[in-house]
Amino acid sequence: MASLVGSRVERKEDKRFLTGKGRYTADINLANQTYAIFVRSPHARAYIKKLNIDKALKSSGVVSILTGKEIADDKIGGLIAGWAIRSEDGTEMKCPGNPPLAKDNVNFVGDPVAVVIAESLAEAKEAAEKVEVDYKVLKAVTSTADAMNGDTIHEGIDKNLCFDWLLGDRQKVKEAFDKADKVISIDIINNRLIPNAMEPRACVADYNAASEEITLYTTSQNPHLSRLIMSAFGNVAPEHKLRVVAPDVGGGFGSKINVYNEDIVCSWAAKKINRAIKWVAERSESFLTDIHGRDHVTHAELAVTKDGKFLGFKNETIANLGAYARVFGTVTPTYLFGPCATGVYEIPAAYTNVKAVYTNTAPVDAYRGAGRPEATYTIERLVEKASMELGIDKTELRIKNFPTAFPFKQTLVHTVDSGDYVAGMEKAKQMADYKGFEARRKESEAKGKLRGIGVTSYFEACGIAPSAAVMSLGCGVGLWESAEVRFNPTGQVTVYTGSHSHGQSHQTTFAQIAADELGVPIENIDIVHGDTDKGTFGMGTYGSRSLAVGGIAIVNACKKIVEKGKRVTAKMLEANPEDVEFKDGEFIVSKSNKKKTIGEVAFACYLPGVRDEMKSPLPEGDEPGLKETSFYDPSNFSFPAGTHIAEVEIDPETGHVKLEKYTACDDFGRIINPMVVEGQVHGGLAQGIGQALYENAEYDETGQLMTGSYMDYTMPRADNFPEFNIGYTCTHATTNPLGVKGCGEAGAIAAPPTVMNAVIDALGGQEVTMPATAEKVWKACKNLKKSNAKAA
Amino acid sequence: MGKISLEVNGRKVEKEAPDNTLLSTFLREHLQLTGTHIGCDTSQCGACVVHVDGNSLKSCTALAADVNGSKVTTIEGLETNGKMHPMQEAFKKLHGLQCGFCTPGMVMSAVDLLQKNKKPSDTEIRDWLEGNICRCTGYQNIVAAVKEAATKM
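Going down the list, the protein sequences come from chains A and B.
Mapping to the numbering used here: the first sequence position 192 is 192, numbers consecutive.
Mapping to the numbering used here: the second sequence position 57 is 1057, numbers consecutive.
It is worth saying that the hints were derived from the structure and are not from the lab.
Accuracy of the hints is not assured; some may be wrong.
Using 30 Å as the maximum straight-line C-alpha spacing, the simulated BS3-like pairs for lysine-lysine come out as follows [as the list claims (entries may be wrong)]: (1) K50/A to K21/A; (2) K21/A to K1152/B; (3) K172/A to K309/A; (4) K15/A to K1003/B; (5) K1119/B to K15/A; (6) K125/A to K1116/B; (7) K661/A to K1119/B; (8) K309/A to K1119/B; (9) K534/A to K1092/B; (10) K241/A to K627/A; (11) K159/A to K49/A; (12) K385/A to K400/A; (13) K658/A to K1119/B; (14) K1083/B to K55/A; (15) K306/A to K385/A; (16) K435/A to K449/A; (17) K1118/B to K429/A; (18) K15/A to K1083/B; (19) K1015/B to K1071/B; (20) K658/A to K1116/B; (21) K661/A to K435/A; (22) K559/A to K591/A; (23) K1092/B to K1116/B.
All figures in this text were calculated on a predicted structure; none of them were measured in a lab.
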């Protein structure tokens, strides 16, 4: 039987999406359902002096209006930060309460203060207009860089500082800098982004008074985790009385990890009114209230010798958390960021210091790459600057500082098990025709254009998160994943996974893995996920963990199935279990060559004694049935890596940046489905290039979101991109049986510095902040002209 | 309230709906044709594209009453006798979709492109699809799928 792992298998999920049969949360309508509209703060920071719902209650069709008072009276818990971070001085981080409906004060535009529930959506909207809220508006804090000097947003949290965290050794770094021939320094703004999954968030909550069960359909990347949080911290219902279903979900990119206010409020309210409630975000609500990403202000320095050896690195970052610390809010700018700060280089001394601050803006949390794009952007901009200042070719300088052997023990945290960074660099250069660049630069010059080339070598820590490693960092909980593999008596297989697919193609790639492990045709394998009533507890999908953690749980559960199958076959064929081999779906007794198919074994396990002459095929100690579960906790992170090269052409008359070429050469370890991996790379690149050239979330000084619609926030479109040139090197991960590393975030991590390095190269080294819009680039072109004229 | 009469996916439908009902709402809420998606509130994303009398239209930009009497085709009506349209086949073959949310509008828009331009270039495809936002695919495989479909239609 040909192996399916490694093949371009077309997706099992596609037909329903292509024929309009997908079932997204907004497509779900329940009998007798009501509609919810949230009344949201129009102010970034204010006290709620008075909230009057009298007029609104009299509005036609209103079923109920609930406010922060009722939710507090019912002791419904608030939204939480998932990881506890300790400051350098040993103190615990400081987190404000974040009630699902604000009662006393609001802290960002969009913070909900009440929910209006009515018979129809139109009636709910009309009544919501009649809710009167009297606010005392306070001065908002919106700037990341100045947040520590602003008014105190949350009582008792001085300087708006959640924590002041250090990873690394300041003294060693000082010694390294003292020895340096040269120090390269850089100031960087990592611009705030809005994830913008195409499906707006939504939820439908239902209550069954007879069974006292709440069912919540919601747009989540991790339904089990949502249920846990809502139950343990939200006090919405005990877990066995709360079912969370995340059906088809239209993209996540991190924005659908969090339990949101609306999930808690609708679940709680459905029980209160004893009816189903439907809420679907309008896009403008998504802009205001989905978590945002990035938003760092960084000063970094690299100590080097004159021949280009890196000696020391420091990174001083202020990270904006927004108004509240959410699930991945505190871990994203620390453990997902700091350990990756030194990039793919041997740097003997390093530290990262992060001050995480609150502002009156939407909460900032994990967005595709989460911490690793920010880390990579800093080190790769710095290395590129070093290459300019030292006059050493940008690829040679990188190669000079790559690790020479694996495992590669980094200065800060990670031990990278496998990789070949030189091979990746050489292949990328060849794919991009790096040598031919100077000729192309001249051609552009002849047309009056500026051409630049940019390089990035990156690695990332994926497959979050090995418990042992996470615990040793003093960082709360680790993240394993579960799988259950269940045979039907007639030989088809259902695989339950705790991860969730919202575009990642698990229904296909996980089935490929199980098909190979079990020798069962892929069409006889179903992958089930996204419903807490089906399958065991699982942690969900983010951080490129589904395959590297969830996929391995499937492999391990399949291996247990095969072990049982061997014992059963041995009993059926009167052989020793040690003499039974399993290959391509058949159990073969090596001595007699007698065999049983896995289907026959499954049948025998469920209906012992019916088909065969023997009374029972089950060995002593084995129970009937063929179903196995695995909980897999990885031994280490996985470390995808690669080199990307971009070329841009700038029109100095308009400042327009045209991305001419983009080459990505990645090492993802073993690839399960090349077609799916290409899609993941393309999508990540589009988001990364979007950050570099187009996207930016901007608040004004009063805390109003200036980029709150697709008219204002530049989403990358089809005509913004060239055809991407994609290739791979492959070193297998040594820490998991599939040798896989993860591919979902690479593009979003590598593309911003790659593109910006190219833009800045074209501009003769002038710094430009992301996004490199025509206006900024045009100004830089004018400066360049002036300085060139002076030099002449 | 007014009566809306349409031929949707070859079937005549007549429903009472409030006068301000958008075509997208009419399809989703009144006819339960939930394949047409709503991804924004400014007519930018294109997830709601359907065909009205043969031409693509963002169904959130028209009132159902505006298109009264028209023939409407949605993503649910693109198959013939249970066989997917060449555009649907090409999207599947070349991985032109991931989460599937923008897909119905993207496919309907692309089908209309090939009705108007049988052999579009890459640039023409990218320009035409400028009104359809996809956050997952980076568009590369969508462009490839449209080119593939052009050879089959």
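Subject >> Structure versus earlier hints, numbers of those that do not hold, lowest first >> reply: 1, 4, 6, 8, 14 and 17
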